[in-house]
Structures are given as structure tokens and as C-alpha cells.
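Q: Construct the complete structure from the given sequences, taking the supplied hints into account.
Order-wise, the sequence lines are chains A and B. Residue numbers for the first sequence, in my numbering: 1 to 114. Residue numbers for the second sequence, in my numbering: 1001 to 1115.
Rather than coming from a laboratory, the hints here were simulated on the basis of the structure. No residue lacks a Cβ here, since even glycine has one placed at the ideal position from N, Cα and C. One should not assume that every hint holds.
Stretch by stretch, here's where chain A covers chain B in the computed footprint (C-beta under 8 Å, at least three residues) [claimed, not checked]:
| no. | region |
| --- | --- |
| 1 | 1036-1044 |
| 2 | 1054-1064 |
Quick list of in silico lysine-lysine cross-link-like pairs, DSS-like style, CA-CA up to 27 Å [unchecked claim]:
| no. | chain 1 | residue 1 | chain 2 | residue 2 |
| --- | --- | --- | --- | --- |
| 3 | A | K56 | A | K77 |
| 4 | A | K109 | A | K60 |
| 5 | B | K1078 | A | K106 |
| 6 | A | K109 | B | K1011 |
| 7 | B | K1078 | B | K1011 |
| 8 | A | K52 | A | K77 |
| 9 | A | K77 | A | K106 |
| 10 | B | K1011 | A | K106 |
| 11 | A | K68 | A | K52 |
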Amino acid sequence: GDSVTQMEGPVTLSEEAFLTINCTYTATGYPSLFWYVQYPGEGLQLLLKATKADDKGSNKGFEATYRKETTSFHLEKGSVQVSDSAVYFCAFIRDGGSQGNLIFGKGTKLSVKP
Amino acid sequence: GAGVSQTPSNKVTEKGKYVELRCDPISGHTALYWYRQSLGQGPEFLIYFQGTGAADDSGLPNDRFFAVRPEGSVSTLKIQRTERGDSAVYLCASSSGQLGFNEQFFGPGTRLTVL
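A: Right, dumping it as C-alpha cells:
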């Protein structure tokens, strides 16, 4: 069935390190892809999105590229900050699926040390 | 402006009891969503409303779960005969409901514990 697989955490990095969180999906057609972030004590927030193959989503220094050939949407940031410490969720909406039906991965907890 | 709010923030109940969880969406948002997040898992879709009607309820796990949105604003998720496996954080989100992609804005969640 449709699903998202993302790298398990926790991930611990030093400030200014390079970040990659891997995400692959299983779905037919061309789903819309998302990264959500949950900062400590806050609700889930949309970080970035890509709705078609080869699109690159970007926000707050984070980037992810929709790779149809590898069914991947890896999250990257060149230089992380302590304030990036949060749980990151990869998600998608099925091609032709209802607006509300986001399918999430299990989340990856990132801790950035000063 | 105010975001999505959910009440209560925490609910502890006993197995077999009935519970209601409330969601107040962002004012003017016509679409509303419920998700459930178990420990160590990502959110799992339950139901999606467009206005007063359920546009997609394919995620409701069984007939003990029911949700309403009678006036197209506030929504209540109702769980009958609660079981220990229902323990989770229940998330609500809302969006503008317009055609095309609508960002979902999430509330802080209600943590339900069934003893």
C-alpha cells in the first residue's frame, strides 16, 4: 500500500553541519510531496512542498527535490542551526487523492548542538 | 490571527467510556481534517470535512469513531466505548478549502489516554 519511509532518528548534529534526511515514498502516479516540521511544544507546520517531478521545494534554507525515478524527496540544509531542532515529517497526497488525505512518515527527530 | 485550537489539551478516560474532542478551525476555513498520531508514528488520516459534510472518511478505523461539523466551523470527534489502543494524540487541521493545493494548518492536538 501507499507509504512513506524516512530515515530513523534521532539525528544529532553540531551547529553549521550539513543535514540530509532521506525520504522515499510508495505510491502510484504523481503524488504531491511535502515536508512538515514540529518544533518543541508547537503544532505541525508545512516546511516545503513539490507537486510535480523535478520540482524543488525550498524554505528557511531547507530544500528537497521531487525525484520520480527514485521515488524520493530527501530534505537537505547546508548549515543547520540550534533553532532547527525539531521533528521532521515527510508526507504526500496521492495523485488524484482527496485534499485531506496526507500520508505521513514516522518522523525524524533532529537535535542540533551549539 | 488565532490558529487552530483544540480542547481539551489532555484527556484521561477509562476503557469503555465515551469521549468528545473539539476542534476550532481558523476563521473562514471551510476544510477541516482530523488525524491520529500514536507514539513514535506519523499522523494518520481519519476524516476530512468540506463545509458541513464529510468529503472523505476513509481513515476512520471503525464505527466507534464518528465526527461532526454541524455548522461548518467547529468539529467534534466522538469515540464510543474507548479502548486502550485509542490512546494517541488527536490532531485537527484546517485549510481554506479552495481549489488546488491548500496548506493545512495544524492545532496543538489533544492527548487522549485510555486507562
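Q: If a hint holds in the structure, say so; if it does not, say that too.
A: These are the hints, each one checked on the structure:
no.: 1; hint: 1036-1044; verdict: holds (count 5)
no.: 2; hint: 1054-1064; verdict: holds (count 4)
no.: 3; hint: A/K56 - A/K77; verdict: holds, 13 Å
no.: 4; hint: A/K109 - A/K60; verdict: holds, 18 Å
no.: 5; hint: B/K1078 - A/K106; verdict: holds, 25 Å
no.: 6; hint: A/K109 - B/K1011; verdict: holds, 26 Å
no.: 7; hint: B/K1078 - B/K1011; verdict: holds, 13 Å
no.: 8; hint: A/K52 - A/K77; verdict: holds, 21 Å
no.: 9; hint: A/K77 - A/K106; verdict: holds, 20 Å
no.: 10; hint: B/K1011 - A/K106; verdict: holds, 24 Å
no.: 11; hint: A/K68 - A/K52; verdict: holds, 9 Å
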